[in-house]
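Chains as they are written, first to last, in the numbering used here: chain F, 4 to 206; chain Z, 252 to 502.
It is worth saying that the hints were derived from the structure and are not from the lab.
All C-beta atoms, glycine included, are put in the ideal place defined by N, C-alpha and C.
Check the hints yourself; a few may be wrong.
Claimed, not checked - The calculated label-pair distances, taken between Cβ atoms and stated as ranges, are: (1) T162(F) x D345(Z): 21 to 31 Å; (2) A387(Z) x L203(F): 37 to 47 Å; (3) A258(Z) x L186(F): 42 to 52 Å; (4) L203(F) x Q445(Z): 53 to 63 Å; (5) D402(Z) x P170(F): 14 to 24 Å; (6) E309(Z) x T97(F): 14 to 24 Å; (7) T405(Z) x A171(F): 53 to 63 Å.
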Amino acid sequence: MDKKLKETILNPILKGNPITVLILGICSSLAVTVQLKGALVMALSVTIVTGLSSLIVSLLRNTIPMRVRIIVQLVVVALMVILVDQILKAGEGTYAIDKQLSVYIGLIITNCIVMGRIEAFALGNKPIPSLLDGLANGVGYGLILIIVAFFRELLGSGTLFGIQILPAGYIPNNLVILPPFALILLGCIIWAHRAYDKDLQEK
Amino acid sequence: MNTNSNAYTVIYTTLVVVVVAAVLAFTAMKLKPSQDANAKAETLRQMMSAAQIKPTDELYATKNTGVLQLYADNIDRAYTIGLDGAQNGTLSTDKAKIELVDNLKPQNKAIKEGGDVTLPVYVFKSGVCVIPVYGAGLWGPIWGYIALQPDGKTIAGAYFDHESETPGLGAKIKDEAWFREKFIGKQVAFGTEQPFNLAKNAEQTGAANAVDAITGATMTSKGLGEALNVWFHAYEKHLGTAAVNPNEEEE
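Put together the whole structure using the sequences plus the hints.
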């Protein structure tokens, strides 16, 4: 694999992580991280939406009139989001999760990562790198979501994927379940990430 | 070609919108049957959980077809009533085409504004009848199913659900089994100003129609209490006067 392609895939997961470095997609990482299962479905949905909309926009990039490009991008993203929502609703196993995430699936369209990657990458690159860039950004986003959800479900409900982990005597911490705790946790993750990677620190 | 000319822009955007609309319409049409089946099975699970046909966990572990079968096996009859308490329609309970009144929002509106309603009553073979309730929580709609004993006022079971109440607080109306179990054995005071009392320290009054509100979920509890009262009022001409007996037809 050539170096540039490798960079495209790895950068969004580590050094250019959309949440911890670009600080995009914060709202949904607070909202859907109460349980691991929801976070996982959200991560998958965002990955699919960013990947496919980057691919489509990249395919169309030479035909899109520059003056209305944002509107065309928005239509493409909206199409993907509605398709994901409809498919989740139709699956027997995913129906309950869709019900739980309902509003947030629809709000993927407002997730800055999706439009951000289209504007910054897909508009100026070939389809395959654009697809990979979109997918990798989704994975980078999902990774943080799952880390946050892991702690919130463990400390907030004493379970992981709905299975009791902590002993029955554990009193669930209600603060952990509320969104402010996710923000604190996210702050800690950003702190750890910056302490680990000195390049991210401002001079 | 000049991709920035006005004509190109107009034609391009029109084309994009038409293609996207066509794709969406096609998917919506293709997926509608399975989406409806999921929604129907979900409603049946909640109703049968309230009617204590099977434990809630087991119902949620059952596949859609199993849920339809279970309902068909246990239901005696289902019908709709108006606000005057008289029956105004029947609902099919045949396994192949189970009919439900599962869009409760317009019904809730009609109850409040005094319009025409078709309020469902589902009578199970065990003798309990299940009625829905619907109202507004803190963030979105909340609803539930209440199962009543053949005397028409003693609660045999309940199940509540919500669209977007706060996890760990308002969401307890659905997540915590102890909350719905509190309703079992309570008696709805049909014909009074307040058929049911869901409030802080309500149980201390010792009244048969009182359940404590959930700590930290004041608005959700208030909304649920109001939903219960609005819907119990709507059913009181039907349930408050004559008991529903599964072995006899309604007069």
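We went through each hint and held it up to the structure:
| no. | hint | result |
| --- | --- | --- |
| 1 | T162(F) x D345(Z): 21 to 31 Å | 40 Å, violated |
| 2 | A387(Z) x L203(F): 37 to 47 Å | 45 Å, holds |
| 3 | A258(Z) x L186(F): 42 to 52 Å | 49 Å, holds |
| 4 | L203(F) x Q445(Z): 53 to 63 Å | 60 Å, holds |
| 5 | D402(Z) x P170(F): 14 to 24 Å | 43 Å, violated |
| 6 | E309(Z) x T97(F): 14 to 24 Å | 20 Å, holds |
| 7 | T405(Z) x A171(F): 53 to 63 Å | 33 Å, violated |
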